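Trainee: What follows is the residue order along each chain.
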Amino acid sequence: MVVEKQVLPFFEWLWQGQGDSFIDGALFQFLVLAAVLFVLGLVGGFLVSMIRHGPVAAGEITYRTLRGGATDLTRLSARRIGALAGLAIKESLRRRVLVALVVFALVLLFASWYLRTDNPEPARLYLSFVMTATTYLLLLMALLLAAFSLPGDIKSRTIYTVATKPVRSGDIVLGRMLGFSAIGAVLLAIMAVASWFFVTGSLAHTHSVDATTLEPITGIDGQPIGSGGATSFDAFHRHTFTVGVDGKGVTDAALGHIHTVDADDDRYTVGPAEGFIRARVPKYGSLGFINRDNARTGRGISVGAEWGYRSYIPGATPAAAIWTFDGVNRSVLREGADGGLYLPIGLIVRVYRSYIGQIEEGIQGSIQLRNPETDVATSLKIFTAQDATVDTFDFANEQTDTQQDEITILDDLISSDGRIEVVVQCLDRAQYFGFAQADCFLRLPEGSPLWNFVKGYLAIGMQMVIVVAVAVTASTFLNGPIAMVATVSFILLGFFRETFVKIATGQNYGGGPVESLVRLVTQMNVMSPFKSQDPNSFDAIDLMKAADEALKAGMQAFSYVLPDFSTYLGRVRYVAEGYSIPTDALVRDLVVCAVYVLGAAVIGYFFLRTRELAK
Amino acid sequence: MSGAPAAAAADDAPSQPETVATQNPVIETRALSKVYRDFWGRQKVRALKALDLEVYPGEVFGLLGPNGSGKSTTIKLLLGLLFPSDGQALVFGKQATDVSKNERIGYLPEESYLYKFLNAEETLDFYGRLFDLPADVRRQRIDELLKLVGIERARKRQLREYSKGMTRRIGLAQALINDPDLILLDEPTSGLDPIGTREMKDMILQLKSQGKTVVMCSHLLADVQDVCDRIAILHQGELKELGRVDSLLTVADVTQIRARNLSEDCRNELRDVIQRHGGELLELDNPTTTLEELFLSIVRDSEVRPGRRVVGAHHHAGGDPGPDDSGAS
Chain A
1 MVVEKQVLPF FEWLWQGQGD SFIDGALFQF LVLAAVLFVL GLVGGFLVSM
51 IRHGPVAAGE ITYRTLRGGA TDLTRLSARR IGALAGLAIK ESLRRRVLVA
101 LVVFALVLLF ASWYLRTDNP EPARLYLSFV MTATTYLLLL MALLLAAFSL
151 PGDIKSRTIY TVATKPVRSG DIVLGRMLGF SAIGAVLLAI MAVASWFFVT
201 GSLAHTHSVD ATTLEPITGI DGQPIGSGGA TSFDAFHRHT FTVGVDGKGV
251 TDAALGHIHT VDADDDRYTV GPAEGFIRAR VPKYGSLGFI NRDNARTGRG
301 ISVGAEWGYR SYIPGATPAA AIWTFDGVNR SVLREGADGG LYLPIGLIVR
351 VYRSYIGQIE EGIQGSIQLR NPETDVATSL KIFTAQDATV DTFDFANEQT
401 DTQQDEITIL DDLISSDGRI EVVVQCLDRA QYFGFAQADC FLRLPEGSPL
451 WNFVKGYLAI GMQMVIVVAV AVTASTFLNG PIAMVATVSF ILLGFFRETF
501 VKIATGQNYG GGPVESLVRL VTQMNVMSPF KSQDPNSFDA IDLMKAADEA
551 LKAGMQAFSY VLPDFSTYLG RVRYVAEGYS IPTDALVRDL VVCAVYVLGA
601 AVIGYFFLRT RELAK
Chain B
1 MSGAPAAAAA DDAPSQPETV ATQNPVIETR ALSKVYRDFW GRQKVRALKA
51 LDLEVYPGEV FGLLGPNGSG KSTTIKLLLG LLFPSDGQAL VFGKQATDVS
101 KNERIGYLPE ESYLYKFLNA EETLDFYGRL FDLPADVRRQ RIDELLKLVG
151 IERARKRQLR EYSKGMTRRI GLAQALINDP DLILLDEPTS GLDPIGTREM
201 KDMILQLKSQ GKTVVMCSHL LADVQDVCDR IAILHQGELK ELGRVDSLLT
251 VADVTQIRAR NLSEDCRNEL RDVIQRHGGE LLELDNPTTT LEELFLSIVR
301 DSEVRPGRRV VGAHHHAGGD PGPDDSGAS
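Residue numbers (my numbering), protein chains in the order written: chain A, 1 to 615; chain B, 1 to 329.
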């Protein structure tokens with residue numbers, strides 16, 4: 001699922017990151033980066049003016065620019081920035097930015113033809129579709145607006161009337177960033193509202209009760225305890241349901257949702273679909289395995305993909321996957337409708353079949369809770385695993401152990417330091433269950449789906465703001481089309497940052513840019529060695545390798561300023577898959593976004609300030 | 001004489017050369033040069049060669065020259081839109097690249113480079129906000145300026161619908177939104193009809209009477225002659241002539257007598273007197289030359305002998321250019 005990389009708590013990320021000391025923290029890394037960029041800018045600026053004016057004048061110019069920059073910082077004016085932001089908004093409206101909304105409406109209309117609700121998880125399909133459409137449309141719009149605005153002003157010379165007012169370059173840059181971000185935010189809000197109603201509207205349906213399926217249900221002693229039946233087949237599915245004697249009941253889950261059922265004498269009313277859009281809050285543990293020889297291992301076995309994310313346990317053997325959860329106490333348990341306490345667990349099983357068997361029936365597995373200190377464990381609970389769906393288990397506080405003695409979770413299964421283990425095994429011979437750490441979690445109380453949806457759109461908004469900031473900065477020293485291309489390259493590299501870093505650090509197959517180009521052109525296998533014929537002499541291959549090393553060093557340096565857009569896309573996946581976006585992630589994304597805006601504004605300021613506007 | 005209003009205004013303005021020289025100049029350029037280069041740093045054109053200029057408070061100063069002579073370059077250097085290749089440009093004693101000098105400057109560009117999607121009111125409000133003016137001040141100034149330039153009735157119309165003349169007017173209004181002390185006008189009368197031109201010139205004189213310094217560049221010589229106290233003539237980036245308009249245009253060896261109600265006897269007597277003193281009577285009413293002639297002769301001269309400053313080579317007494325050049329009028 002989504003949370004393959006755990007989100008560090010915000011302050012931990014800020015102060016120490018994944019390492020041990022503050023050196024690995026985001027703050028320190030940022031400060032180092034800022035210092036390096038500052039020195040580079042200083043040296044670069046000095047060199048450029050030295051070529052033009054000679055070393056003495058260059059020193060003076062550099063000093064003046066720097067000092068001017070510092071004093072200008074104190075002279076930024078909210079009113080001027082506001083005026084320029086307002087101008088950017090008016091300019092956007094004049095450039096018919098609202099057409100984007102029309103396009104979005106058309107996209108939704110066409111989507112409703114093609115998207116169907118017979119998907120096993122229709123909410124995921126719909127949500128990921130609308131959010132992806134919003135992302136691309138909004139980023140494109142932000143790019144076009146921001147990259148062409150300042151070059152347009154310079155070209156049409158309207159900048160003359162602005163730059164001859166006491167306007168600081170920082171006002172111009174910040175005003176534009178603010179204005180375009182604001183108009184983008186308005187569009188985003190409209191798209192978000194439209195998306196929400198589109199998704200909820202498309203998924204909304206109800207059923208009637210199929211009277212022929214109704215049956216009374218009686219208890220062991222023959223007392224009637226309610227009735228059960230099935231709903232009509234609507235929107236590609238039906239539900240089975242039970243209704244208690246009080247006339248209240250719920251259906252079983254199908255396609256990721258349920259309905260309430262009210263029985264009033266013979267009239268059964270099925271309520272609207274509930275639980276399509278979720279905001280699960282998982283609490284993750286750490287995963288360990290027991291192999292078929294009953295020994296503890298770090299990973300299960302491989303079923304083909306050696307470096308696959310999940311590893312597997314074979315069925316009908318002692319092999320098991322064991323998750324250990326920390327900090328489990330009374331507050332993690334939830335109160336059920338009947339007033340009892342439950343330990344809510346979510347489990348995702350990847351099923352690997354070595355033979356097909358009865359494909360409809362699923363594979364049997366067992367799950368039990370265990371105390372890591374005393375090894376007291378509950379009796380096995382048998383379940384049928386469907387591939388790649390979230391199974392939910394609610395373990396009541398009152399359990400029986402393997403000896404059929406009465407135990408409780410709170411008293412007997414949680415260790416003195418607040419740990420509890422979840423043990424999962426596969427029961428069918430020659431079938432396999434695949435697990436990764438994030439596949440089992442304690443279900444903390446769910447967040448509001450609407451708020452989670454908003455958080456997802458905030459993540460899209462942050463991408464848009466970064467794009468605006470980068471594009472405006474690029475447009476301070478490049479002309480419109482070039483600024484756009486530069487920004488697009490920046491964004492694309494940001495989306496594939498991981499690959500980019502891999503190439504830069506030499507972790508990929510096929511070598512650096514030059515080497516892979518040669519391999520491409522000569523159709524050379526990536527595994528065959530790229531070596532010169534004669535190891536003693538320096539030849540073309542050595543030269544190419546040296547060029548690659550230089551390029552790779554440059555790429556590695558560049559990767560430090562490259563935004564990781566895949567994290568923002570990851571946030572969208574959270575929403576689509578029905579997980580709550582952690583607040584830590586949201587705050588962190590906001591900080592990263594703010595830092596990009598700040599950095600881009602400073603760089604843009606100096607570029608614009610040192611540029612002759614009347615050329 | 002068509003320059004009568006200018007001369008009259010000059011008389012009571014505080015721009016008399018004697019007082020001027022003791023004041024700090026509003027604009028001062030020292031060996032200001034501009035070389036345009038291409039991307040590779042190769043020299044394309046020397047647009048301005050070592051310009052030394054001083055403009056004093058309360059003056060109307062004209063920059064004259066044919067197209068490509070460096071007028072606009074000078075203005076852009078003074079505004080900080082271009083950076084000098086060499087030398088210095090000081091405005092109010094500050095470097096021209098210092099943005100804070102713009103607080104006291106109003107600038108009307110050659111064509112009114114304004115945002116066409118704003119209406120007159122929004123335009124002035126926008127530029128007012130760029131000067132960090134509070135809302136009530138902006139509102140008051142907008143009303144005043146729209147009345148001053150006479151486009152009150154079109155205040156809600158987008159600038160894209162404006163005629164050339166109206167665009168010029170709103171351009172002037174935006175240049176005055178901050179009540180500037182120094183006003184730079186790039187071709188202020190271009191595109192205006194004769195009435196509009198007249199109004200623009202009256203406006204310039206009105207600004208002068210308010211004690212403001214005006215620097216304008218133009219190749220419409222009549223306009224310059226009418227309103228400017230002093231002019232500089234540029235050609236191919238070089239300063240060719242600098243001085244008071246009235247003294248530059250005075251024809252020194254000709255005396256003009258203007259009188260009303262002279263009898264024929266009196267005229268004959270005048271002729272006799274002139275003859276007796278060995279004078280040659282050309283005309284009883286002999287006018288000054290026009291600026292146009294002066295301008296053209298300078299350009300012609302410069303083309304024959306490039307690089308040479310044309311000083312006193314003509315039939316006039318403006319041989320000693322400078323702020324303290326006090327020509328008789």
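FYI, nobody ran anything at the bench for these hints, they're computed from the structure.
In this text, all values refer to a predicted model and were calculated from it rather than measured experimentally.
Treat the hints loosely; a few may be bogus.
[Claimed, not checked] Calculated pairs, DSSO-like style, for lysine-lysine (alpha carbon to alpha carbon, straight line, at most 30 angstroms):
| # | chain 1 | residue 1 | chain 2 | residue 2 |
| --- | --- | --- | --- | --- |
| 1 | A | K155 | B | K164 |
| 2 | A | K615 | B | K116 |
| 3 | A | K90 | B | K49 |
| 4 | B | K156 | A | K502 |
| 5 | A | K531 | B | K156 |
| 6 | B | K94 | A | K90 |
| 7 | A | K155 | B | K44 |
| 8 | B | K49 | B | K94 |
| 9 | B | K147 | A | K615 |
| 10 | A | K531 | A | K545 |
| 11 | B | K164 | A | K90 |
| 12 | A | K502 | A | K531 |
| 13 | A | K90 | A | K248 |
| 14 | B | K94 | A | K248 |
| 15 | A | K90 | B | K44 |
| 16 | B | K116 | B | K156 |
| 17 | A | K155 | A | K90 |
| 18 | A | K155 | B | K116 |
| 19 | B | K147 | A | K552 |
| 20 | A | K155 | B | K49 |
Trainee: Which of the numbered hints above does this structure break?
Mentor: Those not satisfied are hints 3, 4, 5, 6, 9, 13, 14, 15, 19.
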